[in-house]
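Visitor: Sequence:
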Amino acid sequence: MADVLDKDRPDFVVLNGDLITGEVTLKDNSTDYIDPLVAPLVERNLTWGSTYGNHDHTFSLSAENIFNREHEYVGARTQRMVRTAEAGVSNYFLPVYSRSCRDTTACDPELLLWFFDSRGGAYYQRPTAAGAPTPQPNWVDTKVVEWFQGTNAELVQRAGRVIPSLAFVHIPPNATSHAQRRIHPNRNPGIDLEQVSQQSQGWCANGTQDWDNPQCRYGGFDVPFMSALATTPGLMGLFYGHDHANTWCYRWDGEVPGTGIVARGINLCYGQHTGYGGYGDFIRGGREIVLDEGRLKRFEVDTYMRLEDGRTVGAVSLNATFNQDWYPATPNDQTKLE
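Using full-length UniProt numbering, read the sequence shown as starting at 1 and increasing by one per residue.
Since the hints were made in silico from the structure, they are not lab data. Among these hints, one or two may not hold up.
Unchecked claim - Label-pair distances were calculated between CB atoms; the ranges are:
hint	residue 1	residue 2	range
1	Pro95	Asn332	30 to 40 angstroms
2	Asp11	Ala129	48 to 58 angstroms
3	Leu26	Ala159	26 to 36 angstroms
4	Pro328	Gly254	21 to 31 angstroms
As the list claims (entries may be wrong) - Okay, derived cross-link-like pairs now, SDA-like style, lysine to any residue, Cα gap no bigger than 20 angstroms in a straight line:
hint	residue 1	residue 2
5	Lys336	Asp281
6	Lys336	Phe282
7	Lys143	Arg187
8	Lys7	Pro40
9	Lys297	Pro109
10	Lys143	Ala228
11	Lys143	Pro224
12	Lys143	Pro127
13	Lys27	Arg126
14	Lys7	Ile289
Note that the structure is a prediction, hence the values are computed from the model and not measured. Positions of the beta carbon are idealized from the N, C-alpha and C atoms, including for glycine.
Model the full structure from these sequences, guided by the hints.
Guide: Listed below in structure tokens is the structure:
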């Protein structure tokens, strides 16, 4: 992380879920791992916002405790704006104002950053009758979707115009699974070596989890979230992680089969595995998102991967011709922790 930060010196950092592998930590010390995680950010006086992933929600690790530990640092911008019991924790938005704005109470934001908790994993310290961890749904909760739509509508009405926005979540929605079938190494450069593990995977239509039942490979519970994304004007991209062997972007145009959901140009993008925890030997790095006010007015952004060895790969412009434009393919480089 430090190498990536020093190469690009970002204004803001997003930690997009699975901050800690909670299954291998102890209840008494699990949140201690936040300290070394955010140390590179603290040392560089950077601000950050987090989403929480399935490994942040475990029997021995509470996402709420992660949130509290983050806020021991002044740079943390992670919020909790939906407080219903099943919503998860990291559901919030951050407004971004023009550099020329001197009083944010008198300015409308130029950009909205939305953050969602896709939950998953297990409920904290909640065993089943058999003593096993109780599984937690692995999709963005419908109450969060309602909050997102209502809050965005209020912000747009107040501004009197569509506000460009980006969204972040840890587990990709089902639309990503359909997009993967169309990935081209030069039109959608990135590593593409893992079948998408989408929200609502492993859940049955009756709301129970059963990873071994072929009828429960995908429960469809993320449809409200996908529908909200597809019908939000100005939403330029959704960024996620979860699948360590995927790093591509795809412009979502058209219908998600079987859902009736039709999107018009939302860019779906994986990040790059940054830490040395978790599975896979794929080279570490981070996705950089480059914004400027002029291109925001056209609802366009540039993005690329900065690798830990200093190289950049997968540079693309997320614009109206993405999926058609031709770019260099991304090499499948690997690094191993000796």
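Visitor: Hints first: check each against the structure and report whether it holds.
Guide: Right, here's what the structure says about each hint:
no.: 1; hint: Pro95 - Asn332: 30 to 40 angstroms; in the structure: 38 angstroms, holds
no.: 2; hint: Asp11 - Ala129: 48 to 58 angstroms; in the structure: 49 angstroms, holds
no.: 3; hint: Leu26 - Ala159: 26 to 36 angstroms; in the structure: 47 angstroms, violated
no.: 4; hint: Pro328 - Gly254: 21 to 31 angstroms; in the structure: 26 angstroms, holds
no.: 5; hint: Lys336 - Asp281; in the structure: 6 angstroms, holds
no.: 6; hint: Lys336 - Phe282; in the structure: 8 angstroms, holds
no.: 7; hint: Lys143 - Arg187; in the structure: 36 angstroms, violated
no.: 8; hint: Lys7 - Pro40; in the structure: 13 angstroms, holds
no.: 9; hint: Lys297 - Pro109; in the structure: 12 angstroms, holds
no.: 10; hint: Lys143 - Ala228; in the structure: 12 angstroms, holds
no.: 11; hint: Lys143 - Pro224; in the structure: 10 angstroms, holds
no.: 12; hint: Lys143 - Pro127; in the structure: 25 angstroms, violated
no.: 13; hint: Lys27 - Arg126; in the structure: 13 angstroms, holds
no.: 14; hint: Lys7 - Ile289; in the structure: 14 angstroms, holds
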